[in-house]
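Novice: The primary structure of each chain is shown beneath.
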Amino acid sequence: MMAVLAPENHGLRLAVRYLVLILVAAIFVLPLLFMVMSSFKPDAQLLNDTSSLRAFLPVGDLTLENYREAFDRAPVRLFVLNSVLVTGVTVLLALIVCSLAAFAFVYMNWRGRDVVLSIILATLIVPFETIAIPLLLIVSKLPWIGLDGIETTWLNTYRVQIIPWIADGLTVFLFVQYFKDLPGELIEAARVEGASWVQIYWRVVMPLAGPVIATAAILKFLLMYNQYLWPLIVVQQEQYRPVMVGLQYFFQLDTAWGEIMAYLTMITVPVLAFYLVLQRAFIASIASQGVKG
Amino acid sequence: MASKLTQSNRAGWAFALPGFGLIAAFIILPFFFAFGLSLTDQRLVSPNATQFVGLENYRDMLGLGLVTLEPERDEAGEIVRDEDGLPQYPRVRTITRSDEYPQYSGMGEWFSWSSGDTVKVVLASDVVFWRALANTLLFVLIVAPVQAACALGLALLINQRLRGINVFRALYFMPVVVSIVVVSLLWRFIYDGRDGLLNSMLGFLSFGAFEGHDWLGDPATALPAIMAMSIWQAVGFHMVIWLAGLQTISPTLYEAADIEGASKWQRFRYVTWPGLRNTAVLILIVITMQAFALFAQIDVMTNGGPLDSTQTLVFQAVERGYGRQDISGGSTISVVLFLLVLTISLIQRWLTRERK
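Just so you know, the protein sequences line up as chains U and Z, in that order.
First residue of the first sequence: 1, per this note's numbering; consecutive thereafter.
First residue of the second sequence: 1, per this note's numbering; consecutive thereafter.
Don't take each hint at face value.
[Stated by the list, open to error] Simulated crosslink set (EDC-like; lysine to aspartate or glutamate; CA at most 20 Å straight-line):
1) U:Lys141 to Z:Asp41
2) U:Lys141 to U:Glu151
3) U:Lys180 to U:Asp114
4) Z:Lys120 to Z:Glu109
5) Z:Lys120 to Z:Glu100
6) U:Lys141 to Z:Asp326
[Said to hold, decoys possible] To list a few chain Z residues with every Cβ distance to chain U over 10 Å, as calculated:
7) Leu66
8) Pro71
9) Leu86
10) Gln88
11) Gln103
12) Lys120
13) Ala124
[To be verified] Some, not all, of what chain U presents toward chain Z, calculated at C-beta under 10 Å:
14) Ile27
15) Ser38
16) Val89
17) Leu93
18) Cys98
19) Phe128
20) Trp144
21) Tyr201
22) Val204
23) Met206
24) Leu222
25) Ile233
26) Ile267
27) Gln289
Simulated from the structure, these hints should not be mistaken for lab results.
Owing to the predicted nature of the structure, the values given are computational and were not obtained by experimental measurement.
Where is the CB? At the ideal position from N, CA and C, for every residue including glycine.
The shape of chain U in the complex, shown without the other chains (with noise of 0.2 Å):
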């Protein structure tokens, strides 16, 4: 078919098809390309320039004053904070702890395995949403004994917004999927060598499972720091607030756009960039969230 054309005639379809994917790709981009550019303007301009192009362009009078502001209104640098000591210590935890959870599904032989993994899996149709609810009652009642002697909630702290979040049957499934296709004889020859369980998990399994720990940090690490119902209900105190519901200094009271924007850029260029830079990764993982079910 394609050799009948004439070849100005393919070169034209060729162009109609970039200009279909182009102008797809700005309704994706230029909404975000509008937040990062009002950021860097005063809100008399960033109104005016919403009527044109100018909009999504770097033009005008640019300043940080934003993002001055931003900082002024709020402790911008404790909710980052917060937010990266609760997402990094939640990803390292649930790599280890869900890993170790499908090896011994995977590897080994106990009695209750199979129930126990149906039971996980089972897990994955109940929304995190309706047992917000319940989870806010257990989490505001549970004891704890810390450092400075023993407290009667979780409620306002740290282990309230990792503890929950560690473990789930997502992140269980992924490991679970990934081992099975792994070569069994290598854990054979393992055992047969005398290696303990322990040193197989660390020293065998984990250095060949990199593609499914990437999956699952950034499966989790865009949960946690996207995070907003949860600390909402269960976070009152300024001191340990994540990025996301520090926003709502930003819309409660008056609306200062360019501050809003000046935070928004602040709290998301980060995972942009981080994500362009891995994105191959991060589309793959969210395909392997395909094989499920």
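Given chain U, work out where chain Z should sit, using these hints.
Specialist: Just chain Z now, with coordinates in the frame of chain U:
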């Protein structure tokens, strides 16, 4: 794969226990708690002991009634009309506050329509809950198919063999990594009634003919505006899952179709679409679960307003369970929500089952 010869009960449990224990404590336990708490009057903080109340929470929430209002008549039996000639009806309050109809006491008007000279009024004991339920279902019923279709369109677009196609894939996916909270606040500005980007752009494109519209302030457009934004944010996610499905279809099938002289549509209809059946089921279930969880957009953009036109089940569960510290009320909504998610997933699985 596990060795059949050696049993390692203790080591097995030791490895699995941290993960299983955490899932049991923070997912399974609260899940069953939701059912239990919905049968009590539990509050977050309360000096009084919690009481078992049976199905009272469900009755208070789900109660519905249908009443027919006859127009008011004067002594001669003529219908009383106002200046515009419209018939006059007794106020709904005369029914819900009357001792004659104890079954309707405490109910409020959800919606009504006229049929002939009479007006039918649907009463609900918890009007906000029913509005939230209706909005949530509407959101799911529109967003799930539209988003799945848009995502498939994007996946087909991205599945072409063109130089630089990966750049476009990366750009289409970009909003997925941005928090929905950030997206919601950004789009609040885009939708803003006075200075919003959308109004300005529409005004610019129509050479000033477009007057501007308060997208989130109008009950007719608030929920559709949130739907459009939600699709914009999440469609790249499902595009990638479709793409993974597309790439499992064997190229030899397409070659065979080309030899048979199949048209583009026939290729899609008879090769691509049958190959995507499992992906389609998965995508619909994933989108449905995500759509039912609608919360952050509402909390940031509208708080359920205007006139309850954007109330949703999760927003109400949080409003009651956290905002009013009414744990049992929030749990009751959570249970209803879970049963809905479960039912719709099962229906979707059944509708898209393999036909023998």
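Novice: A separate judgement is required for each hint: does it hold in the structure or not?
Specialist: Results of checking the hints against the structure:
The suggested pairing of Lys141 of chain U with Asp41 of chain Z holds, with an alpha-carbon distance near 17 Å, which does not exceed 20 Å. A C-alpha spacing of about 10 Å is found between Lys141 of chain U and Glu151 of chain U, which places the hinted pair at or below 20 Å, so the restraint holds. Under the criterion of a C-alpha separation no larger than 20 Å, the hint pairing Lys180 of chain U with Asp114 of chain U is consistent with the structure, at around 14 Å. Only pairs whose Cα atoms come within 20 Å are accepted, and Lys120 of chain Z paired with Glu109 of chain Z is accepted, the gap being roughly 10 Å.
Between the alpha carbons of Lys120 of chain Z and Glu100 of chain Z the distance comes to roughly 18 Å, so the proposed pair stays at or under 20 Å and holds. With a C-alpha separation of about 16 Å, the suggested pair Lys141 of chain U and Asp326 of chain Z falls inside the 20 Å cut-off, and the hint holds. No beta-carbon of chain U is positioned within 10 Å of the beta-carbon of Leu66 of chain Z; the least distance is around 30 Å. For Pro71 of chain Z, the shortest C-beta to C-beta distance to chain U comes to about 45 Å, beyond the 10 Å cut-off, and the non-interface label holds.
Non-interface call for Leu86 of chain Z relative to chain U: holds, since the shortest CB-CB distance, roughly 42 Å, exceeds 10 Å. Distance to chain U confirms Gln88 of chain Z as a non-interface residue, since its nearest Cβ pair spans about 44 Å, more than 10 Å. Interface exclusion of Gln103 of chain Z from chain U stands, the closest Cβ pair being 30 Å apart, more than 10 Å. Non-interface status of Lys120 of chain Z relative to chain U is upheld: no Cβ of that chain comes within 10 Å, the nearest being about 34 Å off.
Taking the minimum C-beta to C-beta distance to chain U, about 22 Å, the non-interface status of Ala124 of chain Z holds against the 10 Å cut. Interface restraint check for Ile27 of chain U: the shortest CB-CB distance to chain Z comes to about 7 Å, inside 10 Å, so the restraint holds. Given the 10 Å rule on beta carbons, the hint for Ser38 of chain U holds: about 8 Å separates it from the nearest Cβ of chain Z. With 10 Å as the threshold, the beta carbon of Val89 of chain U stays out of range of chain Z, its nearest partner Cβ sitting at about 14 Å, so the hint is violated.
The beta carbon of Leu93 of chain U is positioned within 10 Å of a beta carbon in chain Z (closest approach about 9 Å), and the interface hint is therefore held. Because the smallest distance between the Cβ of Cys98 of chain U and any Cβ of chain Z comes to about 6 Å, under 10 Å, the interface hint for this residue holds. With 10 Å as the threshold, the beta carbon of Phe128 of chain U comes within range of chain Z, its nearest partner Cβ sitting at about 8 Å, so the hint holds. With 10 Å as the threshold, the beta carbon of Trp144 of chain U stays out of range of chain Z, its nearest partner Cβ sitting at about 13 Å, so the hint is violated.
Below 10 Å, beta-carbon pairs count as interface contacts, and Tyr201 of chain U has one with chain Z at about 8 Å; its hint therefore holds. Against a cut-off of 10 Å between C-beta atoms, the interface hint on Val204 of chain U is violated, since the closest Cβ of chain Z lies about 14 Å away. The beta carbon of Met206 of chain U comes no nearer than 13 Å to any beta carbon in chain Z, farther than 10 Å, and the hint placing it at the interface is violated. Taking 10 Å as the C-beta cut-off, the interface hint given for Leu222 of chain U holds, the closest approach to chain Z being about 6 Å.
Taken as an interface hint, Ile233 of chain U checks out: its beta carbon lies about 4 Å from the nearest beta carbon of chain Z, inside 10 Å. About 7 Å separates the beta-carbon of Ile267 of chain U from the nearest beta-carbon of chain Z, less than 10 Å, and the hint is met. Annotation: interface hint on Gln289 of chain U holds; nearest CB of chain Z at approximately 7 Å, less than 10 Å.
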